[in-house]
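Undergrad: Sequence:
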Amino acid sequence: MLHCNKTLLATATAALLGGCVGNAPSGIMDAPPAVTTVAFDWYSKPLPTIPLPNDVATRFDATSPTKRRLNASLIADSGMERRTRELFDGLDGWGVFSPITIPFTAPIDIDSVRTRHCAFEEGDDLHTFCAFENDRRDDAVYVINVDQGSEGFGEVVDLDVGAGAFPVVLEDIGGYWENDPRGWTNSVLFDEADEDVNGNGVMDAGEDTDLDGVLDRANYLPGHHPARDDLRGRADALMSFYERETNTLIVRPMAPLRERTRYAVVITRRVLDGAGEPVGSPFPWVNDASQTDALEPLLRVLPTGLAKADIAFAFSFTTGTMAGDWVAVRDGLYGHGVQKHLGEAFPPEVDSLFTLQPDAKQRYILYNEEWIEALQLINQGFFGGDATQVSTQALIASQAYIDYHVVGTYRSPQLFGRYDADGEFLPLDAQSWPNDMATEAAPARSEDVYFWLTIPRREVSARNEGKPVPVVVLGHGYGSQRFEALQFSGFFAEYGIATLAIDCVSHGIGLSEAEKEQATTLLSGLGLGDVITAMLTDRSFDQNADGVKDSGADFWTSYLFHTRDVVRQSGLDYMQLLRIIDTWDGTKRWHVDTDGDGEDDLAGDFDGDGQVDIGAGSTVAMTGGSLGGIMAAVVGGADPKVDAIVPISGGGGLGDIGMRSLQGGVREAVILRIMGPVYTGTLDVDSGALAIGTVVPDLNDDAHIGLGAIAGVAVGDTLVGRNLANGAVGCGLVAADGRARLSLASDVGDPTVIEVYRGLAVKNGSGDCELRADAELIGALDQFGGDVTFQGDSYGAATSLVALAEGMGRPRSRPGLRRMLQLGQIALDRADPAVHAQWMQERPFTYPGTGETTGAHALFVTTMGDMNVPASSGLNMARAAGLIDYKNVDARYGKTPHQVLVDTGAYEAVDKISRYSSPSGTPVHVDLEDFAGGRDIWGDTVPRLDPPLRLVGTDALCDAQGCGVSGSIVPFPRPSGQHGFAFPGEQIDDARKACKSSCTETTGPDPCGCKNLELFDVGSYMFHLLGQYMASGGRELDFDRCTSGVTCAGVPGPPAERNLQELRR
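For this note's numbering, count along the sequence shown from 1 and bump the result up by 55.
Don't read these hints as lab results, they were simulated from the structure. Please note: incorrect hints may appear among the correct ones.
Subject to a maximum C-alpha distance of 25 Å in a straight line, what follows is the list of computed SDA-like cross-link-like pairs (lysine to any residue) [claimed, not checked]:
id, residue 1, residue 2
1, K950, E177
2, K942, P1002
3, K942, D291
4, K818, N253
5, K643, E907
6, K571, D441
7, K122, W97
8, K122, P498
9, K522, E502
10, K100, T264
11, K643, D406
12, K122, S205
13, K818, T264
14, K1048, G988
Work out the full structure: start from the sequences and follow the hints.
TA: See below:
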């Protein structure tokens, strides 16, 4: 039998294909001629210009679950990018929550797309806004499920086409390092400069201010020309759905697509070019001939309003594995399937408990009465707590509800290695999970995972009835560790809940030696020397050779596959923890003597009283803030043992988070690595010396390192950087302020030279910094100007200049950076919380080995104005879970809940844009929930939505006890926005402080009544709200139950303090 190897270059090899199959290739229908077509250029650099995702950019692989692998070119300037592309080639399909990009050969009529995908609304300033349009009958672009084996065959995918669900505007515009020629743009993706100064449409000398070879035009909507100081006007004008420089349309699915499923993207003839004519196909047919079979089902499921004659071009793509990896790995933990060796090698056992009181019979537990003084001193010495503060008093008072603390370890399978066969630390992108979990047993190494557990007092919990108590698994924040539970556990114990926290991958306490010594002295002086040992033993390690452990420094990075898999690995560690707890059934014994009688005791009985404290009968909830919120969504979506989740300030669409986040460490480890290495020149106008420096990532920080200087430089000269190893070149002008900057794709140690040329030395229109024939070299720096030490390596003065860090060299506001950041989502989707969110209620799946089905009650908590984990990502995650309706009008507002969130700036989350203002004119956010009823510190100085939004209701997860409650809320932490909300009492402390500072009365010791001022406290309210919800396993949520100050009438009073001598008898 003759087999044909089907090539990707369908049209170029049409004759060969025809010879293989016996007849000429063809499409699903002939294409009308068109001047402007969808772009299909395999030879453009640095990447082919084709619509993506696209199965023409895949290759056949019989071992893949989809029979496909991505097929990215491995030609790139930096080793980092080559390794990334190689890892892309292992994927068995495209992403499910990633952008879809469609380039054209010439500019299109933007309004021909926008008017068909928008329901226009009029704003306060009579500006019209694009709202999501639910009517699919006249769309310009469609995405349709054409997989006949899918239960969603024929589904039309809802798309965001610049309707506000995926904003790109920044809070900290100038925060992307010094000397940035585009440091004023409102996003990192799109340019806002109009370089055609004289308006003649031609690049004249001097107009190319960033030396990218393009006559830049602001990426604004047609007819919009806001002034640079009009941030609101610029935000409204900026297009996120179309890139003018590359004529690329960018659309986003409103909810995750189905995994391992084929989709068709249809560009209709309703899309017009600049002359008003329909766009067309680059082929004689409306599709690449290699996709004809894949697209044939499309003609049988065309939606209402779309006829064959409307099709200008269509292409297909196949989504990759998402849940499939969890099915293999989690079933393996429980002894099923190809990964069953994981369950055999890593049994569900606690490996050890730390001795906390070596002289006691119950040496593994630390009673609250033994710990409370230490907590007070730690709060005062390390966190600035003041005993007179309401917040400190609330924290300490909550500890009375805690019985005891436990610290222990368990072993969890780690599915990526850290070191090679020679003991050398692997590059981060090599530290990733293997492909094809469903078919090949994955090697696993063991790692100790450390946990901190607090158990509530018997008097206020189910222990009083001989039952295990509910447990909240608490995820910590980025760079934090398991002892974050100390801030939460007392408040949860008020509701009879145990709090259990672990360290995520590479996290722990990153204390300096001086801080360690201080903590050790403090605790040892209280007889708690063993406790400090338990606290300082964790998963963090020194990653940059400075002698200090770096907590989570390799977690959020531009090493896409490593970032994907530290998230999944942390999820697996949580799954192993839940597996262990589930074996504590009241009969199983562990190899731990908890009561000091020399015998093994009941597993899960930590205080040796013969009763399981937490175990198989415990309701399991999961919460956490920031990274903790992300992990709550990941685990809650994938592990059926979780009953309820409360992600606080988490987010979905990890790539979107990276490009907007203010979070310390994220920009440095993600964006700088893609932009850099960055080289800067700063001119001393008087001397003419241009100081040369470099800005590079130092793990999740940045390093600014001086390299030397070049003399005789003036404003208007040209800075050029050359990588002598890979040939990469970057350039920039010395601007009027004496600053210049360039990016240079590099690997560590690449020999580099920095040059300065007289005046504008680059050829007009050159996109690769090609010099003019008459370019005059002023000076060059090819040696270090002084001694430099970076990440343990030393470079002596006068030694050859080399790159100190690796990076991709993608400058800000250029298509290369946009492509890389958006392509990154394809890699991240397997770990994305939005993808996991759909498995809770919208699209649950069943584990074939255990027979368990995913499903969890969920309350998504997105704080208003959050730009650390941008609020848009939190709302996108909740929408993916089906808990923010974007199709059905809410009668309270005459629009959908999703549109309310868009219109009030909740997705955008940037207060400086001034959508709303206080009476004094200060930019503020809207209070959407009005939990305070106007009784908080801000009173009538902030706008409040009436009626409050509160998108919560009965969900479909029901059993014999009834159904649960799920939804999405957006608490108001402060007018300018905030990441998370304050802890109980902090807002009252702020109010009293503000009262004192503004008080002008002088009579009496407290003339303005500030000392005992009471008002609504958001932290207290939220902890009571969430405590009730999680204690009930997601079945109860009462917004009106605890609306006063710190205390709540529905919570029992604190148990009495106990006599330690009696406890320790």
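Undergrad: Decide, hint by hint, whether the structure agrees.
TA: We went through each hint and held it up to the structure:
no. : hint         : in the structure
1   : K950 x E177  : holds (13 Å)
2   : K942 x P1002 : holds (20 Å)
3   : K942 x D291  : holds (23 Å)
4   : K818 x N253  : holds (19 Å)
5   : K643 x E907  : holds (22 Å)
6   : K571 x D441  : holds (22 Å)
7   : K122 x W97   : holds (23 Å)
8   : K122 x P498  : holds (23 Å)
9   : K522 x E502  : violated (32 Å)
10  : K100 x T264  : holds (22 Å)
11  : K643 x D406  : holds (15 Å)
12  : K122 x S205  : holds (16 Å)
13  : K818 x T264  : holds (13 Å)
14  : K1048 x G988 : holds (22 Å)
Hint compliance for this structure: hint 9 alone is broken.
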